[in-house]
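Undergrad: Last residue of the sequence shown: number 161 in this note's numbering, and the count goes up by one each step with no gaps.
It is worth saying that the hints were derived from the structure and are not from the lab. The beta carbon of each residue, even a glycine, is placed where N, CA and C say it ideally should be. Hints should not be assumed to be uniformly reliable.
Said to hold, decoys possible - Label pairs and their calculated CB-CB ranges:
| # | residue 1 | residue 2 | range |
| --- | --- | --- | --- |
| 1 | A145 | Q(-13) | 21 to 29 Å |
| 2 | S31 | G128 | 14 to 22 Å |
| 3 | G102 | S2 | 16 to 24 Å |
| 4 | T56 | S127 | 17 to 25 Å |
| 5 | L156 | G102 | 27 to 35 Å |
| 6 | T24 | T(-12) | 16 to 24 Å |
| 7 | T37 | G63 | 30 to 38 Å |
| 8 | L156 | S20 | 38 to 46 Å |
| 9 | G109 | G152 | 18 to 26 Å |
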Amino acid sequence: IASGQTLQLDGGTGFCQIPSAAVTATASFTNAGMITGSCGGTVSLTQTSGTLTNTGTIATSPAGLDLSGKIVNTGSVQAGGGQTLSYTHGTFTNKGTVTVAGSSTFSVPGGAGATFANNGPGSISNGGSFSLGSGNTFTEAGTISGGNVLLIGDALHYTGGGASTIEMQGASTLSGNLA
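When you get a sec, could you build the whole thing from the sequences and use the hints?
TA: This is how it looks when you write it as structure tokens:
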């Protein structure tokens, strides 16, 4: 998806006639433009093979967005409008920005077995809720501003020294550079 192009994940053909859109990418691709939705209903993008490299923008639709697969973000990922962006499986490597606006949510459900790596110079700006349910891994080397990141029964691995606040609850593990 080239700069200036938009992939709009909708349930219909502009009339929002179908209540869901489930898009599967079976090969690596780069998004230098915009991936979003414009209708209500369930919207998902699954990367089953290869990597989705985001150098552009991925943003929640009016009904939220479910992502899964291997994602490398050097651009912008945005949860806004009071919506939820769920990452349900795979490895999400953030070297860009993830922004969670007030009353919006970025979540990794419990049991997903997912890894979220906030690598330098990656940043999370959390004005809403950013959480991982049990059984996931969060790697921190970037920065986190605004509200904290909540880990509930997860593994936390520090690999860098970026400013951050992380809250851990439940049976969790801590490892890495704790200096």
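Undergrad: Against each hint, give a clear statement of whether it holds in the structure.
TA: Hint-by-hint comparison with the structure:
no.: 1; hint: A145 / Q(-13): 21 to 29 Å; verdict: 35 Å, violated
no.: 2; hint: S31 / G128: 14 to 22 Å; verdict: 35 Å, violated
no.: 3; hint: G102 / S2: 16 to 24 Å; verdict: 37 Å, violated
no.: 4; hint: T56 / S127: 17 to 25 Å; verdict: 18 Å, holds
no.: 5; hint: L156 / G102: 27 to 35 Å; verdict: 19 Å, violated
no.: 6; hint: T24 / T(-12): 16 to 24 Å; verdict: 20 Å, holds
no.: 7; hint: T37 / G63: 30 to 38 Å; verdict: 23 Å, violated
no.: 8; hint: L156 / S20: 38 to 46 Å; verdict: 41 Å, holds
no.: 9; hint: G109 / G152: 18 to 26 Å; verdict: 24 Å, holds
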